[in-house]
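Protein chains in written order, with this note's numbering: chain A, 1 to 298; chain B, 1 to 204.
Simulated from the structure, these hints should not be mistaken for laboratory data.
Certain hints may be false.
As the list claims (entries may be wrong) - The calculated label-pair distances, taken between Cβ atoms and stated as ranges, are:
id	chain 1	residue 1	chain 2	residue 2	range
1	A	G270	B	P122	43 to 53 angstroms
2	A	E159	B	M196	27 to 37 angstroms
3	B	I114	A	K296	21 to 31 angstroms
This one's a predicted model, so the numbers in the text were calculated from it and none came from an experiment.
Using N, Cα and C, we set each Cβ at its ideal position, and we do this for glycine too.
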Amino acid sequence: MFKPDLTRDDVTPESVWLNRRQIIAALGAGSIAGGLPLAANALEELEPHTWEQITTYNNFYEFGTSKSDPAENSQDMVTDPWTVKVDGLVDNPGEYSLADLIGDIPTEERIYRFRCVEAWSMVIPWNGFELNKLLNKVGVQDGAGYVAFETAVLPDVMEGVKFPILDWPYKEGLRLDEAMHPLTIMATGIYDKPIPNQNGAPMRLVVPWKYGFKSIKTIVRISLVAEQPVNTWQHSAANEYGFFANVNPEVDHPRWSQASERVIGAGLFGSRIDTLMFNGYADQVASLYEGMDLRKNF
Amino acid sequence: MGAAATFGPRISGVVRKLPTWPVYLAGMVPGGWLIWRALTNQLGMDPVKTLEHELGLLSLQFLLASLCVTPLLRFARINLLKFRKALGLLAFGYLVLHFLVWLFLDLQMRWSTIGAEIVKRPYLTIGFAAFVLLLPVAATSWQGAVKSMGALAWQRLHRLVYVAVLLGAVHFVMQEKVWSLESLLYLAAATLLVGMRFLWVRSW
Ligand code: HEM
Chain A
1 MFKPDLTRDD VTPESVWLNR RQIIAALGAG SIAGGLPLAA NALEELEPHT
51 WEQITTYNNF YEFGTSKSDP AENSQDMVTD PWTVKVDGLV DNPGEYSLAD
101 LIGDIPTEER IYRFRCVEAW SMVIPWNGFE LNKLLNKVGV QDGAGYVAFE
151 TAVLPDVMEG VKFPILDWPY KEGLRLDEAM HPLTIMATGI YDKPIPNQNG
201 APMRLVVPWK YGFKSIKTIV RISLVAEQPV NTWQHSAANE YGFFANVNPE
251 VDHPRWSQAS ERVIGAGLFG SRIDTLMFNG YADQVASLYE GMDLRKNF
Chain B
1 MGAAATFGPR ISGVVRKLPT WPVYLAGMVP GGWLIWRALT NQLGMDPVKT
51 LEHELGLLSL QFLLASLCVT PLLRFARINL LKFRKALGLL AFGYLVLHFL
101 VWLFLDLQMR WSTIGAEIVK RPYLTIGFAA FVLLLPVAAT SWQGAVKSMG
151 ALAWQRLHRL VYVAVLLGAV HFVMQEKVWS LESLLYLAAA TLLVGMRFLW
201 VRSW
């Protein structure tokens, strides 16, 4: 049974980092809390960003293309009641109210790094649950190889969808094993508060080892499908954005390097750090891609 | 005829009496304000990007402004020639800052990547080419240069600005993730202002 290895307790003042490092060394960076092996560096750096940083610097093109647009323009979106359509190769398809869909799945905290394809990053304390719990509930049928997701299109409150800058609705997809992976969550909260509209209310995907655009927001449809779906950014520029979009410092975006990233809020100097393979989650997810050419499958 | 026809010359008459230093001063205000906000942590969540973008935009705006001087004289008979050098130098100053922010704050002197970046990213190659083209232009912007070079050679050299402003605008369009109206409007303005020159040359 997988236990979340990154909780609020993992966020420690700088003074005790060293201590922790020694403990980790003693453990041989091995299994903590019976969970998956944990990279030592995953612990050292995880200090969550502030609520303000997380909720005012967003990419959510439905509400405008500048980083401050989503916080400013998304406040009229009503997310209660909310309906999510579940269809495709599932045992229990249907139009679910969000409450029914989640049912009694408990939420837990996951503190994850968030790495945008634009080469900036944050650390975010999500509240949510593993996507596999939801998928098991609706019953994945044999033959399903992928999960496809769609974001709401609400022209009354989304200024951005009136322009064809992207192919609306925003779509994303995961291979089934990626979707079932215990690190993959559906988030409904941040800092123990309901997730704000600009961050993808009422429910969004979070896949911490992939570029942020994979973590689709404001989900209205989940489909289990046989074929690999085309995600929105891949559709927009297939030579720049792929289906997998795994964080990989060795595979550059054609227009910028992915070898390093700017940490939001770190000020004018010294805000650039090296990007980690699979965003620091290599120990947990690298095996999913064994034998794959990650340069081709970017 | 009447008021409209004399408007241009009248403005030009006023302009002739003005010194140029207030243009330099006024032109430095947006940059000073930007740097002040950067130093006092008022540039939002990603101050480096904001700084980089605002400086690039200011540079392009001043470049375009400097290209408006001749059309204003031709079409409206407003003579702002004496301010053209100030506008051009302000544009160049903001460009240098734009470049330095990229070098020192964005890439943070990861020297190994800097050369590779300029070569590998077409939008940076193009921006850098514009910067290089403007170096001799800026270097010959002092009073004596016209005399020592000869007016014709000086004028020819300064036509590099036309190429540079087009490259700069293309660089702006290319660095966007999706097509942006703003950047396309700047490119349109640059194309119009430069295209005008070519039409004039052909009709000479
Ligand atoms: C005449 C020359 C240039 C002009 C007019 C120019 C102008 C601009 C403009 C207008 C922007 C976008 C601002 C915005 O989005 O609001 C920009 C972005 C940028 N420029 Fe330049 N630029 C020039 C040269 C350069 C040079 C020489 C470099 C570095 C080698 C450079 C590096 C950048 C970078 C890194 C960005 C941001 C890209 C991003 O955020 O992904 N530029 N520039």
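Hint numbers contradicted by this structure: 1
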